[in-house]
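**Student:** Chain residues, written in single-letter form:
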Amino acid sequence: MRGKFARIVLASVAVALLAMFAAVGDVGGAAVQEKAATNAEVKIDNFSFGPTALTVPVGTTVTWTNRDDIPHTVVSTDGVFKSKALDTDDKFSFVFSKPGTYPYFCSIHPKMTGQVIVQ
Amino acid sequence: MSQSKKAGILHDHNHDGIDRRGFLKCMAWAGTGALCVVQGGVLKSYSLSRANEWNAAKMAGELSFAQISDSHMGFNKAANPDVAATLKAAVDKINALSVPPEFLLHTGDISHLARPEEFDTVDQILQGAVAKDVFFVPGEHDVIGDEGKQYRDRYGKGTQGEGWYSFEKKGVHFIGLVNVVNLKAGGLGNLGGEQLEWLEADVKQLKASTPIVVFAHIPLWSVYPEWGWGTDDSAQALSYLKKFGSVSVLNGHIHQIMQKVEGNVTFHTAASTAFPQPQPGKADSPGPMKVPAEQLRSVLGITDVNFVRGQHALAIVDSQLG
Numbered sequence: 791m792r793g794k795f796a797r798i799v800l801a802s803v804a805v806a807l808l809a810m811f812a813a814v815g816d817v818g819g820a821a822v823q824e825k826a827a828t829n830a831e832v833k834i835d836n837f838s839f840g841p842t843a844l845t846v847p848v849g850t851t852v853t854w855t856n857r858d859d860i861p862h863t864v865v866s867t868d869g870v871f872k873s874k875a876l877d878t879d880d881k882f883s884f885v886f887s888k889p890g891t892y893p894y895f896c897s898i899h900p901k902m903t904g905q906v907i908v909q
Numbered sequence: 040m041s042q043s044k045k046a047g048i049l050h051d052h053n054h055d056g057i058d059r060r061g062f063l064k065c066m067a068w069a070g071t072g073a074l075c076v077v078q079g080g081v082l083k084s085y086s087l088s089r090a091n092e093w094n095a096a097k098m099a100g101e102l103s104f105a106q107i108s109d110s111h112m113g114f115n116k117a118a119n120p121d122v123a124a125t126l127k128a129a130v131d132k133i134n135a136l137s138v139p140p141e142f143l144l145h146t147g148d149i150s151h152l153a154r155p156e157e158f159d160t161v162d163q164i165l166q167g168a169v170a171k172d173v174f175f176v177p178g179e180h181d182v183i184g185d186e187g188k189q190y191r192d193r194y195g196k197g198t199q200g201e202g203w204y205s206f207e208k209k210g211v212h213f214i215g216l217v218n219v220v221n222l223k224a225g226g227l228g229n230l231g232g233e234q235l236e237w238l239e240a241d242v243k244q245l246k247a248s249t250p251i252v253v254f255a256h257i258p259l260w261s262v263y264p265e266w267g268w269g270t271d272d273s274a275q276a277l278s279y280l281k282k283f284g285s286v287s288v289l290n291g292h293i294h295q296i297m298q299k300v301e302g303n304v305t306f307h308t309a310a311s312t313a314f315p316q317p318q319p320g321k322a323d324s325p326g327p328m329k330v331p332a333e334q335l336r337s338v339l340g341i342t343d344v345n346f347v348r349g350q351h352a353l354a355i356v357d358s359q360l361g
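For the protein sequence lines, the chains are C and R, in the order given. In this text, residue positions in the first sequence follow this note's numbering: the first is 791, and each later residue adds one. In this text, residue positions in the second sequence follow this note's numbering: the first is 40, and each later residue adds one.
No wet-lab data here; the hints were simulated from the structure. The reader is advised that the hints may include incorrect statements.
Stated by the list, open to error - Pair by pair, the computed Cβ-Cβ distance ranges are: (1) C/Gly-849 / R/Pro-155: 37 to 47 Å; (2) R/Ala-135 / C/Gly-890: 56 to 66 Å; (3) R/Asn-91 / C/Asp-880: 35 to 45 Å.
Stated by the list, open to error - Below, in silico cross-link-like pairs of lysine-lysine (DSSO-like), each with a Cα-Cα straight-line distance of 30 Å or less: (4) R/Lys-116 / C/Lys-872; (5) C/Lys-901 / R/Lys-188; (6) R/Lys-321 / C/Lys-833; (7) R/Lys-132 / R/Lys-171; (8) R/Lys-116 / C/Lys-901; (9) C/Lys-872 / R/Lys-223.
Where is the CB? At the ideal position from N, CA and C, for every residue including glycine.
Input sequences plus hints: build the corresponding full structure.
**Tutor:** Put into structure tokens, the structure is as follows:
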């Protein structure tokens, strides 16, 4: 019984501490957010891009990973970027240095579409 | 949405006794190829997986050839770690036929990643075929990275545009079309204006009694557009073939056998020599279907023979019904 009580107390302390850290995080919000957003990922699963629409700040490196057993490509509809064929677990990265909306698709399976929104 | 499509796939329109179960059986993976026989100007297609049950005398015709498809050389995942062996098995089956086909048609996805060594391996295996002529059309995997330049350097001698062409064999007019290049975001297979113009001119002078065989990688009928199994401008192409009494359309891409009859046109899709894909809408995606290793070869014998006779549609897939 005493052990259980101790665990509850510890858990409560942990929750309180977490809340404090979260609050501190909020204070330094801008800096933390910017740092975390310099990289973003898109996973290719079951013939679809996830997330289909990805919103990122300017300067973000977006990395696509193909997790299907079939090759895919990542090709900008407007000719901004174009990957080679990505076999299983292959990756493709592109740095988005200008704001805008970048629609893209898989040139092998053109039903697969997605977009990166850079703000 | 896909739910209603699924329900709409299977109908015994022709009251020919092909129910859902029969249809599903037809669609089991054959893993080999098809023997096509032109008899009295009409093309009939027989799955090689049932070759031991054929009646050779009944199947005699003025012309026979074999269709293989989707060899995906270079694929090495769980669905089939040895696609070279299964392609070779298909060639062996074709070679063992009592009436050898006069030539082979390969309806695309020769390679998996359009790598030179993948094409080399397929060429090497096909050299083992008794039939010396092989006619190709590209699949989307064969044109990765270069919109088909390498494919045309290898297989496209004497072809037009992106690699389309036609030829005659024993009075039958064959047309190889390319619907895998310049694909547009969100779209399906695509023939394009230039190719359509060429097609219209190509068939213009032919008599209406000439049997026509059209072959292309992605189906020229709407099998399941949600998975990209169709061609955006195929209706335009088919409109040029309306005057002909016998038109057969042979496709690959979907890694399973399907047939459909629409007026004077019979549509056929061939199995892959490499790996099966799921039935339309029956999985999250059209990715390779994993069959346990010990079953991979044994499923070769499951598929029912699909005969095409007169106006009877053996298996109908019509996503418009949904």
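**Student:** Each hint: holds or not?
**Tutor:** Each hint, compared with the structure:
no.: 1; hint: C/Gly-849 / R/Pro-155: 37 to 47 Å; result: holds (38 Å)
no.: 2; hint: R/Ala-135 / C/Gly-890: 56 to 66 Å; result: holds (60 Å)
no.: 3; hint: R/Asn-91 / C/Asp-880: 35 to 45 Å; result: holds (42 Å)
no.: 4; hint: R/Lys-116 / C/Lys-872; result: holds (25 Å)
no.: 5; hint: C/Lys-901 / R/Lys-188; result: holds (23 Å)
no.: 6; hint: R/Lys-321 / C/Lys-833; result: holds (22 Å)
no.: 7; hint: R/Lys-132 / R/Lys-171; result: holds (15 Å)
no.: 8; hint: R/Lys-116 / C/Lys-901; result: holds (23 Å)
no.: 9; hint: C/Lys-872 / R/Lys-223; result: holds (14 Å)
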